[in-house]
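Just so you know, the sequences run in chain order A and G. Note that the working numbering has the first sequence beginning at 116, numbered continuously upward. Note that the working numbering has the second sequence beginning at 3, numbered continuously upward.
It should be emphasised that the hints constitute simulated quantities derived from the structure, not laboratory data. Be aware that a few hints might be false.
Label-pair ranges, simulated between beta-carbon atoms [as the list claims (entries may be wrong)]: (1) A:Asp266 - G:Lys54: 38 to 44 Å; (2) A:Asn377 - G:Asp107: 30 to 36 Å; (3) G:Lys140 - A:Thr217: 40 to 46 Å; (4) G:Met269 - A:Thr217: 54 to 60 Å; (5) G:Ile233 - A:Gln353: 32 to 38 Å; (6) G:Leu30 - A:Glu212: 15 to 21 Å; (7) A:Glu364 - G:Gly61: 41 to 47 Å; (8) G:Leu30 - A:Asn308: 44 to 50 Å; (9) G:Lys140 - A:Arg378: 17 to 23 Å.
Derived pair list, reagent style DSS-like, types lysine-lysine, alpha-carbon separation capped at 30 Å [unchecked claim]: (10) A:Lys358 - A:Lys296; (11) A:Lys450 - G:Lys264; (12) A:Lys203 - G:Lys116; (13) A:Lys461 - A:Lys433; (14) A:Lys146 - G:Lys140; (15) A:Lys350 - G:Lys351; (16) A:Lys450 - G:Lys115; (17) G:Lys54 - A:Lys358; (18) A:Lys296 - G:Lys116; (19) A:Lys358 - G:Lys140; (20) A:Lys148 - G:Lys140; (21) A:Lys238 - G:Lys274; (22) A:Lys203 - G:Lys115; (23) G:Lys140 - A:Lys381; (24) A:Lys350 - G:Lys264; (25) A:Lys461 - G:Lys167; (26) A:Lys238 - G:Lys115; (27) A:Lys327 - G:Lys140; (28) A:Lys146 - G:Lys172; (29) G:Lys264 - A:Lys181; (30) A:Lys350 - G:Lys224.
Remember, it's a predicted structure, so these values are computed and weren't measured experimentally. Note that CB positions come from ideal geometry on N, CA and C, so glycine has one too.
Listed here are the chains, written in short residue letters.
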Amino acid sequence: MLYIHQSTCISPQQTFLDVNIDVLHEPVENKLKVIEPTYEDIPPGILRRMAKAVRIGVGAALPIIKNFSHIDGFIIGTSNAGMEDCIKFLNQIIQYEEGVLTPSNFVQSTPNALAGQLGLLTKNKGYNITHVHRGLAFENAIVDAMMMLHDHPENNYLLSAVDETSAYNYNIDRLSGWYKKEVVTCEQFYQTNSTGSISGESAIAFLVSGEKVNATARLAAIHTLHTEEEMLIEKQLQYFLEKNLPAGEKIDLLISGENGDNRLLKYYTTVENILDDNITIARFKHMAGEYATASAFAVWLSCQILQTQYIPLHMLKKSIPQSNTKNILVYNNYKGSQHSFILITKEN
Amino acid sequence: MISAIGNTVAENRTALQEGKCGITSLSLLSSKYAGIMPFGEIKITTEELKKKLNATEPGVTRTSLLALHAFNEAINDSKLSSEEIISFDTALIGASTVGGMCLTDELYNDANKKDGGSEYLSSYDCASVNIYLQERYKMNGPVNTINTACSSSANAIMYGSRLIKSGRAKRAIVGGVDSLAKFTINGFNALHILSSDICTPFDEQRKGLNLGEGAAFLILEKEEDTIGKKIYAVVSGYCNSNDSFHPSSLSDEGDGPYLAMKGALDMANLRKDEISFINAHGTATENNDAVESTAMLRLFGKVPAFASTKSNIGHTLAAAGAIEAVYSILNLTHQEVYPSLHYNRPITKTGLVPVQTYQKMPLQHVMSNSFGFAGNCSSLIFSTI
């Protein structure tokens, strides 16, 4: 069993430490960028040398690792951490025609630099891994943490997801048609009926263990699949719910990864149609944008909602008044081909 | 598998027996360092690979092609049926650090361009390799890509084993791939750890590593599911540990390597003297070989026979763990060890001497080490059935 005990989130919204998700921070030219904290706990000399993904990743993890010294390992999901340094190094290679280059961008360009840095900062010699499977990088990290905690329920892991929007990966995804051509606001986001989404980024950390006491939430089950067929998603979701929802219980809230791309809407509609009519549906990509580990933002929101039993109005697509939110389903898909279902429940 | 010394497992074995070195000057990849430094380059052009593999999809990269080449051999050898491949309980766990970045110039253009864009827009990331294999074979089970630098595919083997152990998969196709790229060549060169000569693992005068390219895949199943099938070896132990010392070098004491090796031994429930042979990480950098030697001495006292095949094929980064897993299994299957090449004299501080000749040897448990940047250390133990 995987229990979430703490969670932190650096995102384009006010989600870090002093959380206020009622007020929306708008995208600028279809980019939602993280609001970075001041990083008072990181020595300036070290901070200056950190690439953005490492910086926000360490920043999100610090409030947890600072107060909790028994971490048994770091399990990270990221699709493009290090991208900015990667392209900076690439630019050096081309511009200096493979001349004498400085290695710092190269060392920071590897996606596992964050996990390494966290190990280094905490002098932690335990399990240390980086999953990079694009839109399912965080999901694979969850599965990894679940397997670890199944074998060692007494252990504590830092489970984290980080992705950054650099000018370069923005450009590559823009050329591929994954971003909207017209500039949109948070309010217009889901009504555009056009292709593409807006870009986003975040760094999110969870302290997870197999122990139930004082847990915020339980990450009860996860399923991933690669497909473009709605039929398969339908079948798999039905099976997932049958297998993982306790008898007599239902999903109270669907957190949907709907991202304003009219080509992908069919998948979200398929999932909505399978679920009970009597269900609240909330969306989040107008807050965080679209990126490979956006599902981690939905899991962070789930923890918030389970704790506070409050959902900001701007998130609601359909609201059913109910006394208690207990079971949350997160459905997300990335670029129409990588899908995940995550079941998060409140532990009473 | 495919490497600079052979396109199949059988070709690799013959080359290892003969002490063949596939590290040469670059003839296919264009780089300023082509004439200056040797590399473990596979002498088949990307176009030839496409033709040979009938890979006509747009945007397919050399990295994906090398992976497909090895994947096909593994599938054919194991006689996995197409039903088994597409089954929801067949996992694909691959590792890559280069992904589509082998196309350094195309990536530069696509990252900086205003419009247009090449056919490779969705092929640059590490995940693109396994997504290509998944799509080509229409696989439905869990798919993952791991990047822990040079220990990536050792971790892919671990992760696949754990998926099976936990009941999340019935079988797992695990492996890793990397192709040569201007990106990694310039990166390792900027760190001053590339040798201008052919690498000499565990030699006092070693000057650094040679980069190589290759791919290997293995098929893992639970023992009870292997009845009537060809079985090569058992994955009996594994451990992942972080050195937590420096982003790009290992600590003098080698805590990460020591803990990874010790953890794997503990998991396999083996005594130190039961390890018959160590397939060392042995990159031939000043740092790695000294630290790995120290860690082996710390753990074993009397260090078992060991060697590094980096002297045959170079350092294949994310492919290394999987390629060397296959080499370790060849050790066990044929009860033989292959020579570490180009070795001259021991590192003064540690005095360890690798195996230098091909020899038959009774082997029951082989340990394989993989250590990477960011302190990511992993050790695996393979055992006879």
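Each hint, compared with the structure:
The given range of 38 to 44 Å is respected by Asp266 of chain A and Lys54 of chain G, whose C-beta atoms sit roughly 42 Å from each other. Between Asn377 of chain A and Asp107 of chain G the C-beta distance comes to about 35 Å, which sits within the given range of 30 to 36 Å. For Lys140 of chain G and Thr217 of chain A, the hinted distance range of 40 to 46 Å is satisfied, since their beta carbons lie about 44 Å from each other. Checked against the hint of 54 to 60 Å, the pair Met269 of chain G and Thr217 of chain A fails, with Cβ atoms roughly 40 Å apart.
Evaluation of the 32 to 38 Å hint for Ile233 of chain G and Gln353 of chain A yields a pass: the beta carbon distance comes to about 37 Å. Hint check: Leu30 of chain G to Glu212 of chain A, Cβ distance near 19 Å, so the stated range 15 to 21 Å holds. As the Cβ distance of Glu364 of chain A to Gly61 of chain G is approximately 44 Å, the hint placing it in 41 to 47 Å holds. The hint said 44 to 50 Å for the Cβ distance between Leu30 of chain G and Asn308 of chain A, and at roughly 48 Å that hint holds.
The hint said 17 to 23 Å for the Cβ distance between Lys140 of chain G and Arg378 of chain A, and at roughly 21 Å that hint holds. A distance of roughly 42 Å separates the Cα atoms of Lys358 of chain A and Lys296 of chain A; the hinted pair therefore is violated under the 30 Å criterion. For a cut-off of 30 Å, the pair hint linking Lys450 of chain A to Lys264 of chain G is broken: about 42 Å separates their Cα positions. Taken as a hint, the Lys203 of chain A and Lys116 of chain G pair is honoured in the structure, with Cα atoms around 17 Å apart against an allowance of 30 Å.
Under the criterion of a C-alpha separation no larger than 30 Å, the hint pairing Lys461 of chain A with Lys433 of chain A is consistent with the structure, at around 21 Å. Taking the CA atoms of Lys146 of chain A and Lys140 of chain G, the gap is near 34 Å; set against the 30 Å cutoff, the hint is violated. Distance hint between Lys350 of chain A and Lys351 of chain G is unfulfilled; the C-alpha atoms sit about 62 Å from each other, more than 30 Å. Between Lys450 of chain A and Lys115 of chain G the CA atoms are separated by roughly 22 Å; this keeps the pair inside 30 Å, and the hint holds.
Proximity of Lys54 of chain G to Lys358 of chain A is assessed by CA-CA distance (about 44 Å); at most 30 Å being required, the pair is judged violated. With a C-alpha separation of about 13 Å, the suggested pair Lys296 of chain A and Lys116 of chain G falls inside the 30 Å cut-off, and the hint holds. Restraint check for Lys358 of chain A and Lys140 of chain G: the C-alpha separation of about 25 Å stays at or below 30 Å, so the hint holds. Restraint check for Lys148 of chain A and Lys140 of chain G: the C-alpha separation of about 36 Å exceeds 30 Å, so the hint is violated.
A distance of roughly 27 Å separates the Cα atoms of Lys238 of chain A and Lys274 of chain G; the hinted pair therefore holds under the 30 Å criterion. Among the hinted pairs, Lys203 of chain A with Lys115 of chain G is consistent with the structure: their alpha-carbon atoms are about 15 Å apart, no more than 30 Å. At most 30 Å may separate the alpha-carbon atoms for a hinted pair to count; Lys140 of chain G and Lys381 of chain A meet this at roughly 21 Å. Pair hint Lys350 of chain A plus Lys264 of chain G does not hold up; C-alpha atoms about 45 Å apart against a cutoff of 30 Å.
Proposed proximity of Lys461 of chain A and Lys167 of chain G is supported: the alpha carbons are some 28 Å apart, at most 30 Å. Straight-line distance between C-alpha atoms of Lys238 of chain A and Lys115 of chain G comes to about 42 Å, which puts the hinted pair past the 30 Å bound. Between the alpha carbons of Lys327 of chain A and Lys140 of chain G the distance comes to roughly 39 Å, so the proposed pair goes past 30 Å and is violated. Only pairs whose Cα atoms come within 30 Å are accepted, and Lys146 of chain A paired with Lys172 of chain G is rejected, the gap being roughly 42 Å.
For the hint pairing Lys264 of chain G with Lys181 of chain A, the CA-to-CA distance comes to about 29 Å; that is within 30 Å, so the pair holds. Between Lys350 of chain A and Lys224 of chain G, the direct Cα distance comes to roughly 27 Å. Compliance with the 30 Å bound is thereby established for this hinted pair.
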